[in-house]
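**Q** Here are the chains, one letter per residue:
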Amino acid sequence: MLAFILRRLIQAVIVMLTVGFIAFMLFQYVGDPINSMLGQDATQDQRDALRKDLGLDQPFPVQFARFVGNAAQGDFGFSLRQGRRVSALILERFPATLELATAAALLALAIGVPMGVYAALRRGRFGSQLVMTLSLLGVSLPTFLIGILLILLFSVTLKWLPSFGRGDTVAFGSWTTGLLTADGWKHIVLPAFTLCVFQLALILRLVRAEMLEVLRTDYVKFARARGLHERSVYFGHALKNTLVPVITVTGLQLGSLIAFAVITETVFQWPGMGFLFIQAVKDADVPVMAAYLCLVALIFVVVNLLVDLLYFAVDPRLRLETGATGH
Amino acid sequence: MGSSTAPGRFARWLDSDIWHSFRTSPMAIVAALVAAICVFGSVFAPWVTPHDPFDLATLSLSDARLPPAWMEGGTTKYLLGTDDQGRDILSALFYGARLSLAVGLASVALSVVVGVALGLLSGFVGGHTDAFLMRLCDVMLSFPSILIALLINGVARALWPNAQDTLALGVLTLAIALPGWVHYARTVRGSTLVERNKDYVQAARVIGVAPLRIMFRHVLPNVMGPVLVLATIQVASSILTEATLSFLGVGVPPTSPSLGTLIRNGNDYLFSGDWWITIFPGVMLVLIALSVNLLGDWLRDALNPRLR
Numbered sequence: 026m027l028a029f030i031l032r033r034l035i036q037a038v039i040v041m042l043t044v045g046f047i048a049f050m051l052f053q054y055v056g057d058p059i060n061s062m063l064g065q066d067a068t069q070d071q072r073d074a075l076r077k078d079l080g081l082d083q084p085f086p087v088q089f090a091r092f093v094g095n096a097a098q099g100d101f102g103f104s105l106r107q108g109r110r111v112s113a114l115i116l117e118r119f120p121a122t123l124e125l126a127t128a129a130a131l132l133a134l135a136i137g138v139p140m141g142v143y144a145a146l147r148r149g150r151f152g153s154q155l156v157m158t159l160s161l162l163g164v165s166l167p168t169f170l171i172g173i174l175l176i177l178l179f180s181v182t183l184k185w186l187p188s189f190g191r192g193d194t195v196a197f198g199s200w201t202t203g204l205l206t207a208d209g210w211k212h213i214v215l216p217a218f219t220l221c222v223f224q225l226a227l228i229l230r231l232v233r234a235e236m237l238e239v240l241r242t243d244y245v246k247f248a249r250a251r252g253l254h255e256r257s258v259y260f261g262h263a264l265k266n267t268l269v270p271v272i273t274v275t276g277l278q279l280g281s282l283i284a285f286a287v288i289t290e291t292v293f294q295w296p297g298m299g300f301l302f303i304q305a306v307k308d309a310d311v312p313v314m315a316a317y318l319c320l321v322a323l324i325f326v327v328v329n330l331l332v333d334l335l336y337f338a339v340d341p342r343l344r345l346e347t348g349a350t351g352h
Numbered sequence: 026m027g028s029s030t031a032p033g034r035f036a037r038w039l040d041s042d043i044w045h046s047f048r049t050s051p052m053a054i055v056a057a058l059v060a061a062i063c064v065f066g067s068v069f070a071p072w073v074t075p076h077d078p079f080d081l082a083t084l085s086l087s088d089a090r091l092p093p094a095w096m097e098g099g100t101t102k103y104l105l106g107t108d109d110q111g112r113d114i115l116s117a118l119f120y121g122a123r124l125s126l127a128v129g130l131a132s133v134a135l136s137v138v139v140g141v142a143l144g145l146l147s148g149f150v151g152g153h154t155d156a157f158l159m160r161l162c163d164v165m166l167s168f169p170s171i172l173i174a175l176l177i178n179g180v181a182r183a184l185w186p187n188a189q190d191t192l193a194l195g196v197l198t199l200a201i202a203l204p205g206w207v208h209y210a211r212t213v214r215g216s217t218l219v220e221r222n223k224d225y226v227q228a229a230r231v232i233g234v235a236p237l238r239i240m241f242r243h244v245l246p247n248v249m250g251p252v253l254v255l256a257t258i259q260v261a262s263s264i265l266t267e268a269t270l271s272f273l274g275v276g277v278p279p280t281s282p283s284l285g286t287l288i289r290n291g292n293d294y295l296f297s298g299d300w301w302i303t304i305f306p307g308v309m310l311v312l313i314a315l316s317v318n319l320l321g322d323w324l325r326d327a328l329n330p331r332l333r
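Quick note, the sequences are listed as chains A and B, same order.
So the first sequence is residues 26 to 352, counted in our numbering.
So the second sequence is residues 26 to 333, counted in our numbering.
There could be a bad hint or two in this list.
So the derived list for chain B, only partly shown, Cβ under 10 Å to chain A, looks like this [as the list claims (entries may be wrong)]:
1. L184
2. P186
3. L203
4. Y225
5. T266
6. T269
7. L273
8. V275
9. G285
10. R289
11. G298
12. V311
To be clear, the hints were calculated from the coordinates, so they are not data collected in a lab.
For clarity, every value in this text was computed on a predicted model and none was experimentally measured.
All C-beta atoms in this analysis are idealised placements derived from N, C-alpha and C, irrespective of residue type, glycine included.
Construct all of the structure, not just a fragment, from the sequences and the given hints.
**A** Next up, the structure:
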């Protein structure tokens, strides 16, 4: 088990270094950091001084090492457009995105797992067919369209829920949360649901497929033969064994939740990192893009590691087979 | 391949398993019909659409934001209504779908070529090449494609701030294609590893066929099945990615709107109740994506001998 975790850690470091290298290349060859810090009309002497100050006259590996060192401390320099520290900008936006992504993930699990179980148990009946058709639609509908449809229905036509922003937030130091005010809850409903639809459909289909598989196994038959209550067979025995793939997919999808948050945040003008990133792409704001890239990569890597560790908690077989990979 | 005359080949096609499975699957027929109508309408857009939405001479602002024909205030001149500049929605739909399909197909073609070539190479050569390519795939797969596409887009914008429209389209196609090749490379590599050790490949080797020839003439045809299925599904997801990028405002140039751009435009008028500017392009997009996805599903089942 230790060897496995160690190998995963090394892999994670390699991925981070690769992404860091891409970000570094962005800084080096796309947009001139000197220009962005001093402005167009600085003298040559000033430029040279700053170049030396920043270590830009050093050899390539030294510069890269310095970049990695700075990035590890969260220092990505200044935004080209907003003139503020990139770290400050991102820190300000991070809570909003995290809140949205977490809400969406929980929502997807809370709806997806029971509906998947339902679709598996009532296989072939009308209700189950309906659920499956809806889930196919959920996979085919692009996120932004779902958002627009929800806005059209709940904000424009019914006027029940607000369609943009986070509403009232409460600040704890630099951390802001909208989950402590009624207005904040109202504002998160539509974006969180929009964001969760794709994941929801995915989890639902996965749980159904796994349940159908598990229900055919001998131990479920034996559990029934022992006279156990249907409910305890389904939820105590069957569902438990579908959870390994569900955890994997949910974990891996947490990353794409953050990616899709870019779209959801644009539709609902949610003041998160994704909104910041889109603005950076439009304005060719390299430092913000690079910082966002590194942060998302970090989140991905950490989540993947956690998922791997969770395997050991969920699947006792892995604890016995030392050095086993995956599931 | 022995069929000598054209009718013979056609008759054989009618008799084939694939055609039979197509004929007996109502879902596949409906999906194919919808897809065919969309493709036909888009390819021949200049001839089948009632108006030319980009001919400035025929546009008049007095026709702006007219509702569809069946609603109050709508006219039969514009069946699905008009947008904020007085463009006929129905015509703009097909012109938009034309661009969406073009970008989608081009990016899939690009990623198939790159992915299949690298996958064959990886599976056939093995060793360090294989290890390097597969690690590269791992890194690319760990990022959602939409982020990679956005990043490429942003970099291109930083490099060429005053890019021409054609360049923007090229960058967009590339941005969508680049995350896609990984899937083909992995699939093809997997099948190549299996095929490589089969007798027919060994036989070709023994009689001295050049490795490149073995790769492309002998192995390639046998690994194309899954690629075909994957490519069909990727067409749908490429079209959706293009629409998403255009909706976010980093896709096709606004002078030639795709479906995503149309939806983006309409989004500004959602609150004034002009839902048709947004909803019709959205419906068109979903119809295309859904029908292509269903066709892909059917193709996967039809080509899978285990399911027959």
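**Q** When the structure is checked against the list of hints, which entries are broken? Sort them ascending.
**A** Result: hints 3, 4 break, sorted rising.
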